[in-house]
Every structure is written in C-alpha cells, then in structure tokens.
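Number of protein chains: 2
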Amino acid sequence: MKVTLLGTGGTIPTLRRNLPAIALQRDGDIFLFDCGEGTQVQFLKASLSPGKLFAICLTHLHGDHVTGLPGLLMTIMQQSRERSLFIFGPPGIREFITLFKKSLGFNPSYFLDVREISEGRFYSGPNFFMEAVAVDHKPRTLAYCLQEAPRPGRFHPEKAKELGVPEGPLFGRLQRGETLTLESEKVITPSMVMGSPRKGRKFVYVTDTRPCPQVVAFADDADLLIHEGMFISEMENEAHLKGHSTVGQAAQIAKDARVRKFVITHISSRYRRTDELRKEAHNIFPGAIVGKDLMEILIPLHK
Amino acid sequence: MKVTLLGTGGTIPTLRRNLPAIALQRDGDIFLFDCGEGTQVQFLKASLSPGKLFAICLTHLHGDHVTGLPGLLMTIMQQSRERSLFIFGPPGIREFITLFKKSLGFNPSYFLDVREISEGRFYSGPNFFMEAVAVDHKPRTLAYCLQEAPRPGRFHPEKAKELGVPEGPLFGRLQRGETLTLESEKVITPSMVMGSPRKGRKFVYVTDTRPCPQVVAFADDADLLIHEGMFISEMENEAHLKGHSTVGQAAQIAKDARVRKFVITHISSRYRRTDELRKEAHNIFPGAIVGKDLMEILIPLHK
Chain H
22 MKVTLLGTGG TIPTLRRNLP AIALQRDGDI FLFDCGEGTQ VQFLKASLSP
72 GKLFAICLTH LHGDHVTGLP GLLMTIMQQS RERSLFIFGP PGIREFITLF
122 KKSLGFNPSY FLDVREISEG RFYSGPNFFM EAVAVDHKPR TLAYCLQEAP
172 RPGRFHPEKA KELGVPEGPL FGRLQRGETL TLESEKVITP SMVMGSPRKG
222 RKFVYVTDTR PCPQVVAFAD DADLLIHEGM FISEMENEAH LKGHSTVGQA
272 AQIAKDARVR KFVITHISSR YRRTDELRKE AHNIFPGAIV GKDLMEILIP
322 LHK
Chain C
22 MKVTLLGTGG TIPTLRRNLP AIALQRDGDI FLFDCGEGTQ VQFLKASLSP
72 GKLFAICLTH LHGDHVTGLP GLLMTIMQQS RERSLFIFGP PGIREFITLF
122 KKSLGFNPSY FLDVREISEG RFYSGPNFFM EAVAVDHKPR TLAYCLQEAP
172 RPGRFHPEKA KELGVPEGPL FGRLQRGETL TLESEKVITP SMVMGSPRKG
222 RKFVYVTDTR PCPQVVAFAD DADLLIHEGM FISEMENEAH LKGHSTVGQA
272 AQIAKDARVR KFVITHISSR YRRTDELRKE AHNIFPGAIV GKDLMEILIP
322 LHK
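Protein chains in written order, with this note's numbering: chain H, 22 to 324; chain C, 22 to 324.
Excised from the complex, chain H in its bound form:
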C-alpha cells in the first residue's frame, strides 16, 4: 500500500497546499479519499493515473472536499474508461452528482456507481473491506477505514518435509488451507506447517471533525491514521466553533488509538511554517508527521 497526499490544505488552497485529496494505491487500484478542486492536476504531479481509480470516498459535501469531482470524472471519460467507478459518501452526494451532470451536460461513458452510505461496513472486496463512521461536523461527515483481511501465516517447507509431505503440489494445497491425508494415513493440517496468520493492513482517514471518541475505536491499531489538525491549540475555541480539531487533539486521538503512523492534514492556510504544529503533535505523539502535498507514505505488509 502506498498513500499519496494530493492535497493537505483545507477551506482555501494555497500555493503549497491543495484542497483535500488522498490517494491510496493497493493491488493496482487507486482509492481516492475526498476530491477537492485541482485533484486531477495533483494526479498528474504524482504520476498517478485516474484510469486506475476503483473508488472515490467523499467525507462530506463541503465545496473544498468535492469541487474537483466533476473535472476528474470528465477527464476519466476522455481516457475511454469502461469499468464502473464507485463513489461513496454521505446522503446528498447523489443529488450533487446528478445536478452537475445535468447542468454541464455530462454523460459519462462508464457506469458511475454512486452509493450513499451510513455507518458500518459498506464494501467488501476479496481480501479487504471498507467501513465508515460518522464524526462531529456539519453537514454529515464520514470517516473512512480500509482494512485488509489477515494473510495466511508463513509456510515452513522444512517442517512439511519432516512430517513426510513430498515437495510439490501438496505444499501449495497446505498453503491454501487444505488438510491433507498422506499415503501413510498421517493427517497434516496447515497449522502444523505454517506460522500464525499475519495481520492485514489498516488505513484510516478522518477529516473535518471535532475530536471524537468513536474515532479512537475506529482507528484502533491502524497502520496509518490521517487525521485533520487544522489549528494549533491556542485556537481550540475557533476549531471547536468551526467543527475542527487542533493538532494536539488529533495527536491524542492517534495516541489513544495506538496507531503506528500518524499524519496531520487539512492544515489551515494561516500556517506557512509548520514547526509549531510539529512540536505540538510530537509532545503527544512522537513521530507524528505534518502532511505535505505529494508526500508518499508506504504501509508495509505485516510479517
């Protein structure tokens, strides 16, 4: 998994921070989280192909999070896309898409599979699923999680040989979870020759919200949590009024959720330098990363 921060600003763009958009690459597919104005140009800058988009997950219907959608969908059409494209988001996104399709005379050549979702699991793939949870912002805003299924444990060929399994296709059958009965009538189960299952990776994206307790459970043990931190602590009142989090509040969520990596995004245009944001985050979550446009973050497989 590779995550690319396409836009780490919020509300208004700056020369350094585009509006919200996060791309997650996995197994040849791209999952896009939010689609602020300018996202299609950020795809170009990051050398990502919009043709590889599998799904676009929108947190909420504020302009800064969705105004890049019409242009991106139109550009995808220029690329002769055939396979359908999922768009997930809270209620209202269907109307938004219907209205701009109508007023701009946009008739995509591919199927736009728009799904207004509520909390809980909303998509299950062959070896991953996606979940959403409602957070504390208006209009209704969702946070997203992509969770991979556990991978089978490591296969130990020397143990299999010791138990009398001949090298060859039987190894593969054990690795795929089959129990074998050898000619000697000895029964060999996968657990006899394989390590314990390895955890799947977990990615969580939370933006436009006051700090909220349900996110701690939602992000529990994530490999990567991207959480908004729009202001520093001295602006906590303003953050609260506007339905946002401070960097310190976001870091506390990351700490409580015991995540491995924590990246701050949706940073207010008032902060040209990020020293203070970094310092505030590090006081609570050492190693916290202040997001930058086009930053890439790898999420390695669990061993």
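FYI, nobody ran anything at the bench for these hints, they're computed from the structure. You can trust all of the hints, since none of them are fake.
Computed list of lysine to any residue pairs in SDA-like fashion (alpha-carbon distance at most 20 Å, straight line): (1) C:324 x C:173; (2) C:123 x H:137; (3) C:282 x C:296; (4) H:263 x C:130; (5) H:122 x C:160; (6) C:122 x H:160; (7) C:313 x H:36; (8) H:123 x C:127; (9) H:66 x C:291; (10) H:123 x C:119; (11) C:123 x H:120; (12) H:263 x C:99; (13) H:66 x C:290; (14) C:122 x H:120; (15) H:123 x C:123; (16) C:263 x H:98; (17) C:122 x H:113; (18) H:282 x H:241; (19) H:123 x C:120; (20) C:220 x C:318; (21) C:324 x C:218; (22) H:313 x C:36; (23) H:23 x H:73; (24) C:159 x H:126; (25) H:122 x C:127; (26) C:123 x H:161; (27) C:220 x C:176; (28) C:66 x H:292; (29) H:263 x C:129; (30) H:122 x C:119; (31) H:159 x C:123; (32) C:159 x H:99; (33) H:123 x C:161; (34) C:122 x H:127; (35) H:324 x H:172; (36) C:313 x C:67; (37) C:159 x H:129; (38) H:122 x C:113; (39) H:313 x H:69; (40) C:276 x C:233.
Since chain H is already given, all that's left is putting chain C on it; use the hints.
Positioned in the frame of chain H, the structure of chain C alone reads:
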C-alpha cells in the same frame, strides 16, 4: 490594461496548462473570462486578488470552462467581500450556479448578480462597455469584447495661452469638454486647444468555436485578440468535428480583423512543444503569440 493568461489549456489540464481562464485588469478591477478548475490557485500564482473581481464572463457551460467557479466564489466569501459580483454568460449559467449553491449549501455573503445574456451590448460602464457575440460551438457559446470609450485628445496649453485663455481652472474646463466665452467675448471651443479624440482600447476573447465570420467584424481593429487554436492544420477535420479551430484558422481571423496583437489559447494537451503551432500562426499572422500560463500582456493606451 493588463491581461494575464491564467489557463491556456483546453478539455483536460496538463502540468503546464491549466483550464481556461483569462484575467483582465483595468482601473483597479479584474474581469475574468472563463473559470476552469484551478483558477483560484492561478490567481495566487499570478498574485491577483479575487477580491478585485468586478465581473466573471463565461463563454459556455462546458466543464473545463466553469468548474473553477464554485471554489472561487467560496474563497471570495472567505475574504469578507461585500460588493456584488457580476456573472455573465449564456442561458444555463443561472441554473448551474443555483444548483451548486443548493447542493453544496453555499450561501454567499455578497450579492451574485447573475445575468444570462444574448448577443449585443450587455454592460455599459462609465467609460467602457462589453459586448457578446454567439459563435459556432455547442452548447451555446459567446465571445466577449471589452471596448473602452475614446479618450479626449491631448490638451495643448500653449495654444490655449495663445488664444488668451489664462492658465488656471479654465484649462480644466476646456479639457472636460466645455466651451468658454472669455472676457474679450472670444469663444473658445475644446477642439481649438485639443487634439482629436484618442481611441479607446479593445479586448476580445474568443474560445470554443469553429472559425466564424462574425468574429472578424466583432474583433475588428482590436488591440488584443485572444482566440482559441486547439489543433494544427493537419487536424482540421477533428477540429471541425469537435467545434474548434486550428491555429491557422485562428490566425486568419486575426489577420482579417486587423488586430494589433493576437494570442492563441485553448491549446490541446497533445502539444508539448509549440514550435509547430507558432510556425503555422506566423505564416499567416507574423508576431502571433502562443499563449503560456501566467503570461502577461500589456495593452497600452492609444496616444
């Protein structure tokens, strides 16, 4: 007058060419022609303040020409704008704006004076007016002209003195067009002490159209014509099918209209190098300029 090319691409943006947007600065106001996705960031790059916008003129309702509008209008609101803002365009723009205001819950704090216009003069200011003409593209597309009123001729103080006008406030009255009767009962008209009126400047913007004869009259004698030239001549058929012009066709329009400066815009993303475009244009209109993002073009006063 200063014109800044904010976006010289068409259909899809590239790393070098944003989607269509042209800013014209005049008398402290900015007139914006088209508003493709990313225009607000181009304002930042060009150090232009959206707060100075007087009017936005949209050629037509294709996504690449209007998808920057919601974001720009929202950002203007963040800047506490109070004065109203004109938006001119063909029928359909009111619905487009109404729909995105509704679906994004956007309620501007300033008055959006949206006017769906047809051909002819659509706005008269104190010393300029604006006109539109329909061109050959679908959906209905308008080309725009901003024409300044002539300026009074140069005042010759030595002639006035010769005729017995005393230096002082009477000079100003002559320059403002008043006829004077001196104490000697001599009548002095402004034309006796002033040169002939000086032409006002004329700016014309034409994009998304096949070459069309009405543009020649519309752009006649313009100081600056910005005309689309999406393809080179060998793609004339494709240009025609898509409702666009070749560079050569655009140059012929510029030549026939006897414009002073001619700039090509709305350049297809297929052209990374512009040598060929420049050559084709120069064969017909020597001095033709192939537009580049953030290029600035001055239009000096007529002397």
